[in-house]
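Given chain G, put chain W in place with the hints provided.
So you can see what is in the structure, the chains are spelled out below.
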Amino acid sequence: MSLLELGGVHTYYGDSHILEGVDLAVEEGEVVALAGRNGVGKTTTLRTILQLTPPREGSITFRDESLVGLETHEVAARGLGWIPEDRRIFGQLTVEENLRAAIPNPDDVSDGLRLAFDSFPILEERRGQEGGTLSGGQQQMLAIARGLVGDNDLLLVDEPSEGLAPQIVADVAEALATASEDVTMLLVEQNLPLALDLADRFYILDKGRVVDGGDTAAVTADDERFRRYLSA
Amino acid sequence: MILEALAEFLTLSELGGVIVNGLAKSALYVMIASGLTLIFGLMGVLNFAHGSLTMVGAYLGGLLMVVTVTGGTAPLTRLGLFFVAIVVVFALLTVLGGAIETTIIRPLYDRPPIYQILLTFGLTLVIEEVVRIVLGIYDLQPLSDWQAALATKPQFLREPVALGPVSAGWMSLFQILLGTITVVGIWAFLTKTRYGLYIRAGSEDTEMASALGIDVRQVFTVVFALGIGLAGAAGTLLMWDPTWGASVPLAAETLLPAFIVVIVGGLGTFRGTVVAALVVGMADAVTTWWFQNAIQFTGLPELVLFLVLVVTLIVRPQGLFGVEEVGGH
Numbered sequence: 001m002s003l004l005e006l007g008g009v010h011t012y013y014g015d016s017h018i019l020e021g022v023d024l025a026v027e028e029g030e031v032v033a034l035a036g037r038n039g040v041g042k043t044t045t046l047r048t049i050l051q052l053t054p055p056r057e058g059s060i061t062f063r064d065e066s067l068v069g070l071e072t073h074e075v076a077a078r079g080l081g082w083i084p085e086d087r088r089i090f091g092q093l094t095v096e097e098n099l100r101a102a103i104p105n106p107d108d109v110s111d112g113l114r115l116a117f118d119s120f121p122i123l124e125e126r127r128g129q130e131g132g133t134l135s136g137g138q139q140q141m142l143a144i145a146r147g148l149v150g151d152n153d154l155l156l157v158d159e160p161s162e163g164l165a166p167q168i169v170a171d172v173a174e175a176l177a178t179a180s181e182d183v184t185m186l187l188v189e190q191n192l193p194l195a196l197d198l199a200d201r202f203y204i205l206d207k208g209r210v211v212d213g214g215d216t217a218a219v220t221a222d223d224e225r226f227r228r229y230l231s232a
Numbered sequence: 001m002i003l004e005a006l007a008e009f010l011t012l013s014e015l016g017g018v019i020v021n022g023l024a025k026s027a028l029y030v031m032i033a034s035g036l037t038l039i040f041g042l043m044g045v046l047n048f049a050h051g052s053l054t055m056v057g058a059y060l061g062g063l064l065m066v067v068t069v070t071g072g073t074a075p076l077t078r079l080g081l082f083f084v085a086i087v088v089v090f091a092l093l094t095v096l097g098g099a100i101e102t103t104i105i106r107p108l109y110d111r112p113p114i115y116q117i118l119l120t121f122g123l124t125l126v127i128e129e130v131v132r133i134v135l136g137i138y139d140l141q142p143l144s145d146w147q148a149a150l151a152t153k154p155q156f157l158r159e160p161v162a163l164g165p166v167s168a169g170w171m172s173l174f175q176i177l178l179g180t181i182t183v184v185g186i187w188a189f190l191t192k193t194r195y196g197l198y199i200r201a202g203s204e205d206t207e208m209a210s211a212l213g214i215d216v217r218q219v220f221t222v223v224f225a226l227g228i229g230l231a232g233a234a235g236t237l238l239m240w241d242p243t244w245g246a247s248v249p250l251a252a253e254t255l256l257p258a259f260i261v262v263i264v265g266g267l268g269t270f271r272g273t274v275v276a277a278l279v280v281g282m283a284d285a286v287t288t289w290w291f292q293n294a295i296q297f298t299g300l301p302e303l304v305l306f307l308v309l310v311v312t313l314i315v316r317p318q319g320l321f322g323v324e325e326v327g328g329h
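Keeping their order, the protein sequence lines are chains G and W. The first sequence begins at 1 in full-length UniProt numbering and counts up by one. The second sequence begins at 1 in full-length UniProt numbering and counts up by one.
Isolated chain G, as found in the complex:
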């Protein structure tokens, strides 16, 4: 039994058919990359799992329990965390408050903050600063830290390197690699070398369907399979 399984998932935005029968599985302890061009449904897949954009057809199970029909907060309570594409930091909350909001049990606040600050020491220096005033890289670190402190079993990570300077990307990659030792990840990432470096397996999404996949150990970023589906 996989940790997360999607079977024949169809998702729409109004009349637009975005996911046209997505099938994928994520096993406990692994990092799975979801690759594909812009607009093929990668972010929608993550939103569908979280029930932010519920599917019209198909099954989504987490630890063999269906997530379809649950509220998003109920999905989150089952141990699914989200590090969204545009970070979605609460700009008027301080760094510490952003982290506190992500820790479900009040008794775990001290441990959660310690984990976040040990992972990203810069956040401890900025703990009283409003999230909206952080740099892009610091906001990304805060977004990742928020995912880490949430006591999650599966992190849905969406484009963590987008818009960041190369040095910051390296820091973020290191943080995700460290985090992946403790938590399973489904990673959407356009930066293919980064995705392949972090992931154990990959899926390629095209036109709302999974069209290819396999172990990352067997491929490189300039593999024909990626060129076919990822080049513009």
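If you are wondering where the hints come from, they were derived from the structure by calculation, not from laboratory data. Where a beta carbon is used, it is the ideal one built from N, C-alpha and C, also for glycine. Just so you know, not all the hints are guaranteed correct.
[To be verified] Reference listing, derived: stretches of chain G covered by chain W, where coverage requires no fewer than 3 residues with Cβ under 8 Å from a Cβ of chain W: (1) 61-74; (2) 84-92; (3) 101-110.
[Claimed, not checked] Computed far set for chain G versus chain W, every beta-carbon distance over 12 Å: (4) Glu5; (5) Ser180; (6) Asp223.
Here is chain W on its own, set in the frame of chain G:
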């Protein structure tokens, strides 16, 4: 003549009196507007029924006082009963607010805002009509202040008090005290409690808050309920103020300044509402003094509220502390 008036205005006794009067007006405005701003800040719902529920609070508070106070009740006992009345009205209106949110507001969250505006406007009409019917049963005049409720106010709250050279009313000081308690209470709730943190997170990004495991719908219910509870508590205070009083028109009389304060402060920001209440209250007090002592035209002080609104919308359309987007869900 203007220079003479200015010299008189700047004397310690007059200026001090204006400041106390302005703070008292600010306290009333912040109490009226706090619930409205909390509800809009998190939920994006412009609650046109807010004034009507303030009016209901005034009548309920008045009813509790009329039932419990007799001619022989001591002033401090009356004051104690008033605080009990505020707590009871706050509790009753909070329950009513929770019921309104879960039964008729919640089904409309996914509809365009015009649906919520029309619904709450319709709710206003229903509430006012029900109050008129009830008042009719007890033979009370709906358009004039409920004198029996006003009469429960202790005598000392009708008298002036000397603060050095400044003469102020005890009632003004009482209103400032309650306004301060309200502001500090809401501020502490929003910044020092876990639920307050959820409210502030949800008011920025409901989707992200949900994805962190926060039950935003439950938070919506609590905020709407508390917002209505605050409206009721404000109404109870207004019931003792002779310039407001418990009457059906109180609904419209409070809704307008509440909206002005909320818009000037920036839709949905509590900090903005507090600052805007101070700005509007002080502007009201200053112009009231001028139009009563130097320019004999008493209608103009009310106009200043709208002038503050117009100037704010021209200079800073999002309000003093507003952000470009709030309350999306």
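- Task: Enumerate the violated hints, using their earlier numbering and listing them in ascending order.
- Result: Result: no hint breaks.
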